[in-house]
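Okay, here's what each chain looks like letter by letter:
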Amino acid sequence: MNTVHKRRSRKKPGTAPGTLIHVGEKKVDKERLTLIRYNSTDYEQLELEDLSKLRGLPQVDGVTWLNLDGLHNVELIGEIGSLFNIHPLVLEDCLSTSQRPKVEEYGDHIFIVMKMLYVLDNEVEVEQLSIIIGPGIVLTLQERSGDVFSEVRNRLINGKGRLRKSGPDYLVYALIDAVVDHYFIVIDEISLRIDKLDIEVFSAPHSDTIEELYLLKRRVTDIRSHVSPLRDVLGKFLKAPPDFISEETQVFFRDVYDHLLQVVESVDIQREILSGLVDMYLSVVGNRANETMKVLTIIATIFIPVTFVAGVYGMNFEVMPELKWKFGYAYAWGLMLLIAGVMLIFFKRKRWF
Amino acid sequence: MNTVHKRRSRKKPGTAPGTLIHVGEKKVDKERLTLIRYNSTDYEQLELEDLSKLRGLPQVDGVTWLNLDGLHNVELIGEIGSLFNIHPLVLEDCLSTSQRPKVEEYGDHIFIVMKMLYVLDNEVEVEQLSIIIGPGIVLTLQERSGDVFSEVRNRLINGKGRLRKSGPDYLVYALIDAVVDHYFIVIDEISLRIDKLDIEVFSAPHSDTIEELYLLKRRVTDIRSHVSPLRDVLGKFLKAPPDFISEETQVFFRDVYDHLLQVVESVDIQREILSGLVDMYLSVVGNRANETMKVLTIIATIFIPVTFVAGVYGMNFEVMPELKWKFGYAYAWGLMLLIAGVMLIFFKRKRWF
Amino acid sequence: MNTVHKRRSRKKPGTAPGTLIHVGEKKVDKERLTLIRYNSTDYEQLELEDLSKLRGLPQVDGVTWLNLDGLHNVELIGEIGSLFNIHPLVLEDCLSTSQRPKVEEYGDHIFIVMKMLYVLDNEVEVEQLSIIIGPGIVLTLQERSGDVFSEVRNRLINGKGRLRKSGPDYLVYALIDAVVDHYFIVIDEISLRIDKLDIEVFSAPHSDTIEELYLLKRRVTDIRSHVSPLRDVLGKFLKAPPDFISEETQVFFRDVYDHLLQVVESVDIQREILSGLVDMYLSVVGNRANETMKVLTIIATIFIPVTFVAGVYGMNFEVMPELKWKFGYAYAWGLMLLIAGVMLIFFKRKRWF
Amino acid sequence: MNTVHKRRSRKKPGTAPGTLIHVGEKKVDKERLTLIRYNSTDYEQLELEDLSKLRGLPQVDGVTWLNLDGLHNVELIGEIGSLFNIHPLVLEDCLSTSQRPKVEEYGDHIFIVMKMLYVLDNEVEVEQLSIIIGPGIVLTLQERSGDVFSEVRNRLINGKGRLRKSGPDYLVYALIDAVVDHYFIVIDEISLRIDKLDIEVFSAPHSDTIEELYLLKRRVTDIRSHVSPLRDVLGKFLKAPPDFISEETQVFFRDVYDHLLQVVESVDIQREILSGLVDMYLSVVGNRANETMKVLTIIATIFIPVTFVAGVYGMNFEVMPELKWKFGYAYAWGLMLLIAGVMLIFFKRKRWF
Amino acid sequence: MNTVHKRRSRKKPGTAPGTLIHVGEKKVDKERLTLIRYNSTDYEQLELEDLSKLRGLPQVDGVTWLNLDGLHNVELIGEIGSLFNIHPLVLEDCLSTSQRPKVEEYGDHIFIVMKMLYVLDNEVEVEQLSIIIGPGIVLTLQERSGDVFSEVRNRLINGKGRLRKSGPDYLVYALIDAVVDHYFIVIDEISLRIDKLDIEVFSAPHSDTIEELYLLKRRVTDIRSHVSPLRDVLGKFLKAPPDFISEETQVFFRDVYDHLLQVVESVDIQREILSGLVDMYLSVVGNRANETMKVLTIIATIFIPVTFVAGVYGMNFEVMPELKWKFGYAYAWGLMLLIAGVMLIFFKRKRWF
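Residue numbers (this note's numbering), protein chains in the order written: chain A, 3 to 355; chain B, 3 to 355; chain C, 3 to 355; chain D, 3 to 355; chain E, 3 to 355.
Certain hints may be false.
If several chains are the same, the list does not tell them apart, and a pair holds so long as it fits within one copy or across any two.
[Unchecked claim] Below are the DMTMM-like pairs computed for lysine to aspartate or glutamate, each with C-alpha atoms no more than 20 angstroms apart in a straight line:
#	residue 1	residue 2
1	K28	E51
2	K104	D260
3	K14	D257
4	K352	D260
5	K14	D183
Simulated from the structure, these hints should not be mistaken for lab results.
So here's chain A without its partners, still in its complex pose (with noise of 0.2 angstroms):
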């Protein structure tokens, strides 16, 4: 239910750095390694059962992206670490799925790792995601098989469009932006949910709505501990981006950090909507126990002082006046509707009800 749940596994304290362990759930049953190698003419696009096929493969001009899905199998992860040459510290952050959102430069590569947000039977997934970057080469490692790149698969295969004709770089951006667009999607589900529970606190709440406002502010501050980190870094990195970034897709960096920026602000917003409401559901559900106990004490203190002229008359002493009158009875119930009455006006004067 909350993030800290996903940092109770982790490996064992004073373990040496670069030990590769894969610290998550697993949650596919086998790995999934795609190749993707494309150049602006060019498109094509592999199953990998291993490594050794990629080693055999003649050497093209373009982009080369090798995707892979499920972090468990260690061995092969640290085959193609040393495979490309990539730091221990980066893989072990890779196979590390609590790792916090971030952007380094380990000599020739650039390392990104981030959080995938999706919407999955109403709940909000989290997935991490890590980025290489090395010269006309990006690396992808996914905790499961999803959808979110389908749709930069398909841009690459129509050929259409900047995406074929540019560098790593724009391809880099191209997933970022996926991953960021999702982002938006997270929060449209969970403006949906706000508006319902915006609608139930105003007409009827009850006690699972202030339940239900209690988690969703939960969910939107982990949703605010996975995408604002990214945000800070990703500012701090376009300031000096480094060389392998073409000044052309700078641009669309930018436009990246200008949507996680909005992302951020409307995550801070539906906090404090959030919180609003919480208020305001104290506010009318205390609201209501004042009126039903106003409208229940009325009736009790009306009734008090009349039950109490009957008992008068109750008593049995024998010299009682009243009780011989012919019409005592009568003013009997005379005194107590006028009692009665004097309350209602009372009551009415001070608008208690």
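Go by the hints and put chains B, C, D and E onto chain A.
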């Protein structure tokens, strides 16, 4: 009701950047394209059906201002983009009406997105305004025809003042200034409502009051989210203004920036006042409930012991000396009045009423 | 009641900048124009009807201080502007009494806007003060005639101290210092009211207390909004002071800045104290309500069971052995006293009273 | 009770800067002027009646430390100022005991204002300490004679350690360090009170508890306002320390700065703990009130239906079969016990007690 | 229970800096001094009784790591200090166990203070770790013998990996990394408790729940105060790392810094979750109290009017027609049932139950 809604209509995630899709409501039936050309001596205003007429116009000295009301004619906007050589990302942002306010430089163009706020039928309306500034040309794109710029147009027609004598930088200033002036109107409208609620809270708070307070607070949060990013980006922009803004005009931009600071501060004070009013409302309502309960409970509490006395003398024991007394009944009344009196004095002493 | 009100009177949106319109209340019947000229040897003070007299005056060495009380004579202010060659935006800001405090440089002029705060008839009054400093000249524009500057004038007349020997920079310092000194008086006034409320909250809180706390808090927020921007701009200004401020005078400006820091800190502490008092009030009032309810409920709860006993022996069953007992009545009383006693002991044990 | 009070006594607004007026309470009957002169070999301590004796002293190598307890002798302070050539604003600040902590450079002097905090008769006392450092000389001005510096004096007399061998910079460090050490004592005192209140809140909260919490919180806010400005100015000061502070001593100043950081952090944690205790108190008290009300209401609610039964059989209808039954009375008791039992079970089930 | 306690034991204020006094609890009976010397080929571990043995050891290539468990042997620490030429302030800080985490450079030494957190008997223990790094040597001082470093020692003995091949900089990294890894264990422990309380709040909140929430929140605040200063100083340190840290190792320090960021973020999220749970608890408990009161009040309110009816027919007037009716008793019951029924329907309509 909240800003998050508007973000719901957006292009499919993963779509290629620069794809022109209008995301947002269609707010006008027919787009309206207005061309204004002026210099210190001449002024010319034309309603254009399409761009062909624009291409045929003779080249003249001075400023060209092309304004488009309505963003649904994607094709026309594409044509404008290619005519003035505008970056595809800029056009995409113009069409997407949920942009965050920003100022960006694209080669020899400057692109400004901001929000127009105005009061329409007692509601605060939000509309996106995109301004693209190139050499000698200003393009403005609005969601619908409004009268925010009519005063600027009048000043252009009158031909007095600095406006006709200055370049496109001053026109841009005049337009932004007009938009920011409308922010103040919106703030004043909200201020009026706050005053109304202020009186209500202190004199006759009811459950609608808190609801209105809550909605107004949300509205103010909303406005802040439209204005404060503009303040930030304009502030950054003014630290290193581009060449095309003459030093003379920078003073005026600084003035607009100052107004934006003031708008954000006013909005922040309004939020604080609204928060204070919510607390005050809860306190007033709580006090009232307490008062009511206290008076009612006092009445009940006085009658409970005396009713007990009546109950005692309503018992049917054969031997009950008081019942035989000549002044037994009077004695019972006396006892009851005594008890009631003592309790009243006790409550009075305790300052419970 | 709140700052937002004052912003309501403003010029029509879209009006050309630099258009001179007085926005704000007219606070004096007739404007008053005072000219003071002095150097280390001479001092001269003149009340001017219009500027013609000023133009005719012989040029002398030293400082010229022109003070205007009342801002409604737009024409006169326009003349002053053209006489001293002041930027139209500066004049416009002088006339608009809802300016944010600021320090701006316009060519060889420096323009300072700040708020004067003083206590008048137990109310905190806010007034705008504009200071324009040029070579050898200081212009001050106030909304009405006040006595904030009288002490400065006296020091000028006495001719002692640094004031007469220094240039316009020191005069400006002296004026700002006088204004800031008045801030402390306002703070002390508020401090006095806080003390009064402090005692009230702890001894005899009533519903007016919370209202006053709330209004005082709003007033303090208001004051903060007038003072804190001045602190910020003065701080920035002192980092790179313009040439016209001699190094000797900078020390004094630093001293004023220090006082402003202190004012803002005091105001922040006052806000915190007021927030604490509001919480304390709610706690005290809640405690009282609880105490009241508890005592009342205890009384009711003790009588309810004994009244039941009385009710039982008021039943009319033909066979009710107790009724026939010789000491039945005494037994009933005994029973009732026993029940009441047990309950009292129980409540006592539970420490409910 | 609050810091704002102390600001009430201040010089008339508009008074010329540098005018020497003692603002603050007179805390000693007679000022005390102590001269200490030392170098690595000699130590000399003199009580001075006036400055004449000081002027007559032979010039020696080493550090001169002149300490003044009591600030009401304005004339004497003026003399000291002119003797050591101190800027008038510095003297004015020394005399005004409501100064904000600060570090300022005036030509070859450095002026430090800070607050001494110490516990006196269970109360936290605040006193202003001014330190003026010139070449070879250290002036300290305190409001009254205290024992904060006695340990420093002892170390000087003992002649061991670094103190006697170092210059005035190290003496200043030693003095500030002694003051900051006393901050920790104050913090520990407050910590003790927090512990006491902590136990009280959880075991036996009463209305005094909240009052004490509130007053302690205010006291902590107060202390923070005295310490945190010092931290800020010392931090800024250490970034570019003046020449007179030797590199060796800078390490020690950094140590003091570190202690100040720790003091402010401790104070912030104390504030947070106090806020938490206030919330906890309200929750505990609210819980108690709820518990009380619940038990009382349950008793009342059980007796209300059975009292109704008794009332029914107290009715005087001629035809009431039950009244004639032989075991009618027993039946009535049975009915009443049944009702009470059912209600008790129902309440038990609902876990209301 | 709170961090402030620990600060209570401290040296006398005004004591000369660099005086070696152990402030803190004595946590071990006998100090333990361990010497480890290693290079890529050899590893040697010695338990030392005193420093004499250390002096006699032959000089070897590689890294010397001297670890001291237990800080009460002030003399020994003084000897170590003079042997390795350590600044007295550093030694003083090592001995004072209430140091704020910091990184400081003293000539050719670097001094790091940090807090070790570990879970012991279900409690979070805090212990101070001082690391002093000199050329070829690493000194570590702990309050007691723990197993935080055992894994590092094992890696040294195994001789695999980077550790044995690298210099003291990498050893320091490995030690800090081990400490930070333990932070995650503490966070996970707290996360577990939060989960337990989370379930409790939503299912069966009782008064212990809020107490535990409060204590846990305080504990989290405590942990944050130990970790966040380390994050800050390490961040600053990494911006300009000293020469002795090789570029290769900097990558690893960056990794530790990244983990610290994550720890602080997790802690902040935990605080937010705890605050949310406190609010939720109050809301749930308030709701329960309201529900209880409402049901009880409804029962009371229904019986009050019908008891009144019974009271009426218990009056003893001689002329009361209903009493003579044959079906008077039945009529009375009918009337009472009718009243009860009407009230139930009314309550149902109002949705009060």
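Do the hints match the structure? See the list:
For a Cα distance limit of 20 angstroms, the shortest separation of K28 from E51 inside one copy, 19 angstroms, qualifies, whereas the shortest one across copies, 51 angstroms, does not. Taking identical chains as interchangeable, the C-alpha atoms of K104 and D260 lie at most 20 angstroms apart whether they share a chain (17 angstroms) or sit on different chains (9 angstroms). In this assembly of identical chains, K14 and D257 lie within 20 angstroms of each other by CA distance solely across copies; the values are 16 angstroms between and 40 angstroms within a copy. In the homo-oligomer, the alpha carbons of K352 and D260 never lie at most 20 angstroms apart, since the shortest distance is 57 angstroms inside one protomer and 51 angstroms across protomers.
Taking the closest pair of Cα atoms, K14 and D183 come within 20 angstroms of each other only across two copies (8 angstroms); inside a single copy the shortest separation is 36 angstroms, beyond that limit.
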